[in-house]
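K.L.:
One letter stands for each residue in the lines below.
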Amino acid sequence: MAMAPRACARPHWRILAALLLSLTLLPALQTAWAAPAVQNLQHAEAVRAGWNSAEPPATGWMPVTLPDTWTTRWPDYSGVVWYRLNWQQSSTQQATALWLDRVSMADAIYINGSLIYRAPHLREPLSREQVHPQYFLLPQPLLHSGQNTVLVRVSGLAAYAPGLGAVATGDPASLHARWERGMWLRVDMRIFDLTTDIVLGTLFGLLWLLRRRETLYGWFALASFSGALYGLNFVATSPWPFSGSNAWMALHAASHIVTAVSLTLFLLRYAELRWPRSERALLAGGALLVLLALVWPNWVGPHHLWLRAPAAALMYLSIGYFVYYALHTRRVALVVPALFLLLPVAAAIHDTLAQTGVIDSTTYLSDLTSPVSLVGISFVLAYRFVQAMRRVEHFNAELAHKVDGATDRLRAMLRGEQDLALDNARMGERLDLVRDLHDGFGGSLLGAIATLQAQPDTPEREATIETLRALREDLRLVVDTTVNADDRDLDTLLADLRHRTSQRLELAGIAAHWNLQGLAGLRPGPARSLDVLRLLQEALTNVIKHSAANNVWATLARTPEGLQIEVRDDGRGFAIEAAVHVGAGLASLQARARRLGCALHVDSAPGRGTRIGCMLPLTAAGAAAATMPAPPAAPARG
Amino acid sequence: MINLEPMLVVDDDPRLRARLQRLLQACGVGLVTLAPDLQAARAHARCGDFAAALVDVGLPDGSGIELLREMHQRCPQMVLVVVSAYGEADTVIAALRAGAVGYLLKERDDDELVAALASMQRGGAPIDPFVARGILAQWAQPVAAPRMQVAPPVPPADNECSDAGQHPDHLSAREREILTLVARGLSNREIAEMLGLSRFTIEDHTKRIYRKLAVTSRTEAVFEAQTKGLLG
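If you read the protein sequences in the order shown, they are chains A and B. Under our numbering, the first residue of the first sequence carries the number 1, and numbering increases by one thereafter. Under our numbering, the first residue of the second sequence carries the number 1001, and numbering increases by one thereafter.
For reference, chain B alone in the conformation it holds in the complex (with noise of 0.2 Å):
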């Protein structure tokens, strides 16, 4: 189990303030401190401070993007989960790629999002089909000059266990499976059943294809710094 406690919520709408903290409180996560804008949650935020946060995105004094940018690069073990409207696929990888491992949807059901919110608490993260394709159709039109140069295309003989720490920010065979079949609407005990592996372990290679992406948003952003003279 991973101890989400204490939890930064940082969210503008008092209700679904009050939402939150009575899911978390479902989920066992009594030590919450509530924000309303960023400036507050930056005043509360310091490493060590919080072991997780939820962020909404539309703040009044900003995105909650940049925030979890900030706390991710701080504090990278910090479980960093955004709040957004459902349908905001760009919202959500963006969030991704910003450093956060998991996402909960507004719109969904009280049951639905401690659901997710458990699935964090065992160590995975999250997923739906919208978020499985953008993911896919952010690595399959590889745009940024680094991840040609860091890592070639994987070869199809590669498979989970040589991959890992071999090409840290690209998508191994398993990953790219699991990516696929998530896209199709499989749901994850569907897919565990597919591969012959449990449930957790899809929630586990889902959080690693999460770290992925914000490995790959930070190379390129150091490059397009270097391209542009900020970095020596």
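This is chain A alone, in the form it adopts within the complex (with noise of 0.2 Å):
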């Protein structure tokens, strides 16, 4: 019952402390493993024999040390060889335990003769006993005091380093830390691998079968599980399903060239390259050799090497690649993966260092790699979530700010089309009217001066035809400020009055002389500029009709006090008092300048002219923003 909250907190202990325990306290284990109660067997007796061997043969027997992989002494040799080792038993009631750290591949272990244990296949398909240390609690009656001896039957196959390595007996508890120490690095960590890389290519591919357009997450959950296939190979103990080592051995070729190219193929997604002539070269060799792996796997098998070196290169390759890519670009999606890639190579070339024996250590650290790996590749995904997550958030931020901009635009757009409507239907309206009057009114009185004008020549006859001129003229200025006065400054409307006054003038034999200032930009609305062009048509008639003048000086100029408007002739004149009897012309002139809001003045005398004009105040707000209101009060036309 004791054993059981330790059994349950193992795993956790195991892989928090992973990292810390085996890169800083190994040394120190190690260094209590080599207690005295501890008999490392090094030294042993070898001895081939048939694969029916049940009995060691008597003859035969060659020296060895161990760790021993007959290869060596016998290449090509696949079958039985029989290990023989002795030690000394000071007493048989002391526990004593065995330990053997790696039997390639299936063997048969036999105490002072008895058998004490038998892998379930001794012949194809083996039994994979290589992937973990074996240890045994030793039956005391078995032991003798004095000499003992303990023999190994082992089968294995001279393509896959048969034979046997550390073997050593003595305290249980020594050597169950030892074995439980292999069983950790070997099986435990190796089977955390497996289990991450299938949760991870599980993750992933469902990620790109959700999403085929990412292929990043493909490859990447093809490098996983291919990874986890391959991983296999260190932890299961018969090659099932296949018949035969060979088979398992070429497939475990082809998972680790699977492996290499979809990683490759992932980190080229990831950093964003396309080099599609090389990819498909890859893909091309990759594919042709897991086929070569699968049709012949007993050629493949014995040379799996040939397939993994590539394999392992290109791996390599492009891990370095990246690692460069990665720094060169300096982008932190990029570095901090390379950083985390960096940490498996690193513990790569320390194995090979340690396997070549030019540094002193036994801990093989590639095993330890896979939680960190794991966690860079999670934050390459937290990293790409996230970054995706803010471009989704500031996207919705923008949306939202257009969406809120479009919707401020056409509200103003549909207010302004209907301001704009509403307008249009009464400037329609505006214009109809106006229409009416120049095509009915205006034919009329066009008809009856045609007419009039027919008829014998009279005093009378010419007063209606004048009456009727000025009744056109006055329609036409109507229609002319009707139609223009909203989008023309005054300037424009005076130019059509100008032009054909100053004709009529000429005809007259009266020269003029315009002087407009600041009229540009000025609209005072329709109806006073009626009223304006009014006034300066009427005095300009007058001048024609009455002054006999030689020159007019017609002037609006636009002054601080307001629009200075003033017609000034060199003709006759007249008396200001008598200004009464010169004819409703005046008259006119003046209701109209009351209409616009100002006095008007006259200055004339007989024989020096006459000059009238008025100033038409403009508001501060009716000048700055170029228009007038209407006019206050305005008394009654007429």
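Take the hints with a grain of salt, since some may be wrong.
[Stated by the list, open to error] Going by beta-carbon spacing under 7 Å, a handful of chain A positions derived as facing chain B:
no., residue
1, A450
2, A495
3, H499
4, S502
Calculated from the structure, these hints are not laboratory results. Nothing here was measured: the structure is a model prediction, and the numbers come from that model. Beta carbons are placed, not taken as given, at the ideal position from N, Cα and C, and that holds for glycine.
The two chains are supplied separately, each in an independent frame; assemble them into the complex guided by the hints.
P.N.:
If you want it as structure tokens, here you go:
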């Protein structure tokens, strides 16, 4: 019962302490293993035997040193090799254990001639005992005082490093600790790796299935799954479902190739690089090798290194290039995973150096880098997720902003259109009215004038024609200003009057001198524009009819006080006091000036010409906005 | 002096016909044929028969613009004048594009119309601010493709001397200047003083502008016909 909580706690302890322990404390543990209670059996004797050998041969034994790989001695030998090891046991009462670091491949163990362990398959398909260390608590009745013998019958294939690793006997606690550490490093960690690969593969595979555009995820899922398949080699204790070890190793090599190719493609996609030709060549080469492995497993199995070497080279090359590219571009999204990718590479270099004896270490770090890689890939995923979320949020904000803007514009446009439609409707009505006036009333006027002109010349006829002409001129002003006053400045509205009057003055032998100042941008509105034009036209008509002048000076000038209107001639003039008799013209002009809200100044004397003028007030707002409100309290028309 | 005799007058209103005849008489144009509608006018109008024509726009059996276009195409040397009501700037512009070189506004006083006729006899053409504005607007918004192709915008350095014949259907800088001044209401005399030209030169320019308007109109018509597949 006391074991239960510990067993539960074990995996957590392992995973959490994995790096710290293995990297810092292991040398200390190694010292602890060298306790005198344990005997490391380095010397053994070995002999070859047939696949069916049930008993160790009597002759042919030769001394070997453990760990032993028999192909160094008997190249290309596949079959059974018996190993015999002796150790001295001081007391049979002392609990004694046996520890075997690595047996390749299937073994059977005899203590003093008695079988204590037998792998399930001693012939093909051979059991794969090499994946884990072995530990046995030896039954006390089998032990002798003094010399004891352990026989290890090993079935192995020449292609897969057959032989016997380190063997030790002695204190069960120490040896169990050794076995446990071996199990953790070589089995538990590998299973952790494998599980991680399967989880990641499933996650990203589903991501890819739901979002085929993201081939990045697809390649990563493939790399993960094939990595899991690759890792299965290090934990599976039988070549199932294959009938032989060659097929198993061929699959192992194929999975290595698939992992390398898909990882390379994942890294390219992740770095947003596109090398279509190289990628096609890579896929074609990888597919060829995998096909080779599946079609000729019995050739590929023994030569699996020939396939795995290029796969490993490709993997390190692509990682190396990715790291270079990441550091070159200095993008966080690339640099962080690049650093995480560097750790397994560093571990692999460490392991290679350890294997070749360049550095003194028996701990292989490659098996421990999986959690680190997991952190790396988690970062990648989280980073991409956060980036995507940021984009979405940004997009949402931008969208909201745009929608608001569009709504405002639309509202303003609708309002503007409404106003415009209203204006157009008003304008249309006004234009219709004016057109009717022009065509109907104007036509009648013209007809009447033409009819009168065809009649004999009498003073009455002349007077009537004059009246009709005055009506016609006024009608034209009304039409002009009504149609144009809204979108034309005062100077443009004046243009027709000026041109026309100049011609008439010219025909009358009067030179016109116009002085227009500051009228651009001035839009007093239809009513006031009409009054200004009427005032001017009547004044000039009076000049033509009555003044007998040689010159006329017409001034319209915008001054700080307002719009100055003045018509001056050098004609015959008249006596102001007698102005009442001069005609209806002056009275009419005065009425027009009143309508504009100003007083008409008349300055004349017989023989000294005439000057009439007024100062039209421009409100500050009207002047600034270039418009003028309707005249206040305009006297009745008349 | 340009001979306006014999003159064809096409108008459906007998009073206006009589008035026009009287005005022509005042200008010394006595050889006048009167026609009340298009049919009669077409029957009369054969090349060489008339030196000039006054054509009202609204005729009982069609538009006077059509008649002007026909006559202009047949006898380009004919002096064609449109008779229009005031304020119908579009009508006047359309007539000028059809080949007219002058216009008479019915509502004008007799002496003003006589002055306009006299101007045409001198080889000039009358113009009013609303006509100038209409022409400027025509050229300001070149919608027809051929104008863009045939004549690129006149460079500022271009003057009346260099453009003669070079861009037959495009306004010269001087012509544009004159039109702008007319549009502002300046009289021919004022413009002549301002530009240091004689007022008759101004009238010449006006007539040339009208001619260009007609040429442009024809170019556009050809282009339009081509795009519609009427011509090869």
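K.L.:
Report the numbers of all earlier hints that the structure fails to satisfy, in ascending order.
P.N.:
none
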